[in-house]
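The lines below spell out each chain.
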Amino acid sequence: MRDGAMRDGAMRATPSATSTAVDAPRDPMTTATGAPSVLFATLMKDLRLEWRSKDAINSMLFFALLVVVVFSFSFDPTGDDARRIAGGLIWVAFLFAAVVALGQTWAREVRNQVLDAYRVSTAPANDLFLAKALGNFLFVSVLEVVMTPLFVVFYNLRVIGPAYLLPVIAVLGTWALVVNGTFFAAISLRTRSREVMLPLLLFPISIPALLGMVEATKIVLTGESSAKFWIVLLAVYDLVFTTVCLSLFETVLNAE
Amino acid sequence: MKTPVLIAIALVVALLAFGLYQGLVVAPTEQTMGDVQRIFYYHVPSAWTGILLFTVNFVASIWYLFRRTTVSDSIAVTTAEVGLVFWTIVLITGPIWARPVWGIWWTWDARLTSTLVLWLIYVSYLIVRRFSSSGQTAVLAAALAVFGFADVPFVYLSIWFFRTQHPQPVIGGGGKLDPTMWHAVLYNWLAFSAFAALLCWFRYQLERKQRDVEETIALESLLEGSPR
Numbered sequence: 001m002r003d004g005a006m007r008d009g010a011m012r013a014t015p016s017a018t019s020t021a022v023d024a025p026r027d028p029m030t031t032a033t034g035a036p037s038v039l040f041a042t043l044m045k046d047l048r049l050e051w052r053s054k055d056a057i058n059s060m061l062f063f064a065l066l067v068v069v070v071f072s073f074s075f076d077p078t079g080d081d082a083r084r085i086a087g088g089l090i091w092v093a094f095l096f097a098a099v100v101a102l103g104q105t106w107a108r109e110v111r112n113q114v115l116d117a118y119r120v121s122t123a124p125a126n127d128l129f130l131a132k133a134l135g136n137f138l139f140v141s142v143l144e145v146v147m148t149p150l151f152v153v154f155y156n157l158r159v160i161g162p163a164y165l166l167p168v169i170a171v172l173g174t175w176a177l178v179v180n181g182t183f184f185a186a187i188s189l190r191t192r193s194r195e196v197m198l199p200l201l202l203f204p205i206s207i208p209a210l211l212g213m214v215e216a217t218k219i220v221l222t223g224e225s226s227a228k229f230w231i232v233l234l235a236v237y238d239l240v241f242t243t244v245c246l247s248l249f250e251t252v253l254n255a256e
Numbered sequence: 001m002k003t004p005v006l007i008a009i010a011l012v013v014a015l016l017a018f019g020l021y022q023g024l025v026v027a028p029t030e031q032t033m034g035d036v037q038r039i040f041y042y043h044v045p046s047a048w049t050g051i052l053l054f055t056v057n058f059v060a061s062i063w064y065l066f067r068r069t070t071v072s073d074s075i076a077v078t079t080a081e082v083g084l085v086f087w088t089i090v091l092i093t094g095p096i097w098a099r100p101v102w103g104i105w106w107t108w109d110a111r112l113t114s115t116l117v118l119w120l121i122y123v124s125y126l127i128v129r130r131f132s133s134s135g136q137t138a139v140l141a142a143a144l145a146v147f148g149f150a151d152v153p154f155v156y157l158s159i160w161f162f163r164t165q166h167p168q169p170v171i172g173g174g175g176k177l178d179p180t181m182w183h184a185v186l187y188n189w190l191a192f193s194a195f196a197a198l199l200c201w202f203r204y205q206l207e208r209k210q211r212d213v214e215e216t217i218a219l220e221s222l223l224e225g226s227p228r
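Those protein sequences? They're chains A and B, same order as listed.
Taking this note's numbering, the leading residue of the first sequence gets 1, the next gets one more, and so forth.
Taking this note's numbering, the leading residue of the second sequence gets 1, the next gets one more, and so forth.
Honestly, I wouldn't trust all of these hints.
[As the list claims (entries may be wrong)] What the simulated footprint calls covered on chain A by chain B, stretch by stretch (three residues with Cβ under 8 Å from a Cβ of chain B suffice, anywhere in the stretch; the number is not a length):
#1 136-149
#2 203-212
[Claimed, not checked] Here are a few chain A residues that face chain B, going by a calculated C-beta distance under 8 Å:
#3 I187
#4 L233
#5 T251
#6 V252
Calculated from the structure, these hints are not laboratory results.
Even glycine gets a Cβ: it sits at the ideal position worked out from N, Cα and C.
Could you build all of it, start to finish, from the sequences and the hints given here?
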């Protein structure tokens with residue numbers, strides 16, 4: 001935090017130098033004129049890179065597919081209990097697949113020293129964080145949209161409860177996974193054996209959110225009772241942890 | 001070893017012995033559970049001590065994020081490690097007690113599961129401390145401590161929503177305990193807290209000395225590299 005304040009002060013002392021040297025004035029999206037443009041530029045860059053390479057989506061999709069198939073050998077997917085365990089299976093598959101994408105979040109930026117450049121620029125750190133989190137959110141959402149029909153087919157699912165709640169649960173649950181996952185990916189970046197570190201950090205903290213998603217989905221699928229408690233829990237969880245992430249990200253980014 | 005430290009050790013040992021005497025001899029035998037219930041005098045004080053230490057860890061981490069002093073980071077690592085030891089005692093004594101009373105070692109009810117999740121969170125905290133390069137450890141760990149502490153209410157609330165098998169909290173839950181049982185619990189808590197404080201003191205001294213050694217080595221290599 002102190003580093004950030006000092007850096008801001010130093011940059012404010014030489015405004016002309018930064019605006020010509022750091023920012024490319026030809027492209028209006030990359031100039032640091034306002035907070036939304038940094039967020040938008042970073043997000044669009046990530047989406048464009050993903051659109052061209054399709055690395056994250058492909059690896060996530062295949063991984064989730066494998067989890068579905070492996071699960072079907074471990075449990076009887078067509079039995080009467082399928083509906084009760086399907087909520088758990090879906091979310092565990094998405095969680096595992098999301099970890100694959102989350103782990104790659106910062107890899108490209110580290111390889112090209114973008115993070116170092118970001119640390120010395122005037123761009124607000126939280127814009128970078130939100131852009132990365134939103135990007136991951138979109139990737140995981142695409143995964144969910146593609147995989148859900150597959151689950152319905154493979155596990156003979158039929159929704160008995162109010163189906164309109166499922167997208168709400170999906171959005172809240174996905175954001176809960178992604179916002180913490182993006183943050184912990186930034187932490188695990190600075191440790192040895194980073195690939196292992198991300199799930200080690202993410203899973204324990206995410207247990208309440210995972211429980212909320214699984215239970216809410218199960219309740220909607222079986223139509224047994226009201227999922228209100230779990231949806232409210234997820235919403236509050238999202239709110240609290242988004243706040244914690246945003247208030248701590250600059251500190252972690254500038255950790256030396 | 002210096003005299004004040006020896007006196008402190010003697011005091012803690014005396015307190016622990018007195019607590020043990022209170023729990024095993026003075027406190028009456030429980031009506032339905034019998035002597036097995038006496039593990040209560042170790043189980044509950046350990047849990048209270050663990051929670052106390054985790055709270056200190058959280059406060060020290062916040063302090064570190066604002067002030068960046070090595071003292072607060074040393075306190076954070078000390079209390080997390082010692083707190084995890086006491087939390088492990090809770091997780092071990094719990095099943096030993098549950099097996100004769102409930103007939104099962106473990107059940108996935110609210111308090112047991114929350115205890116286990118909290119244990120996992122602090123283990124991951126210590127793993128981050130171990131695996132991060134030394135310059136960044138303090139910041140990353142402090143950030144993670146905030147996440148862990150913010151997670152506790154969610155963990156408890158979410159798991160509590162299932163039906164719970166664990167007895168309701170002793171404090172404020174009716175208070176049907178015999179006064180001598182209360183004495184045994186409170187004396188043991190005092191003894192455990194004193195024991196924890198002593199352990200923290202040693203661990204803190206060790207941490208400071210380790211940091212001094214690291215600093216000295218860094219300084220020496222700097223001096224050797226520069227022209228005399």
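Status of the hints after comparison with the structure:
1. For the segment 136-149 of chain A, the proposed coverage by chain B is not satisfied: 0 residues have a C-beta within less than 8 Å of a C-beta in that chain, short of the threshold of three.
2. With a cut-off of 8 Å between beta carbons, the segment 203-212 of chain A has 8 residues touching chain B; three or more are needed, and the interface restraint holds.
3. A cut of 8 Å between beta carbons decides the hint on I187(A): the least distance to chain B is about 5 Å, and the hint holds.
4. Restraint check, L233(A) versus chain B: the minimum CB separation of about 6 Å is within 8 Å; hint holds.
5. Checking T251(A) against chain B by beta carbon gives a least distance of about 6 Å; that is within 8 Å, so the hint holds.
6. Given the 8 Å rule on beta carbons, the hint for V252(A) holds: about 5 Å separates it from the nearest Cβ of chain B.
Consistency with the previously given hints fails for number 1 only.
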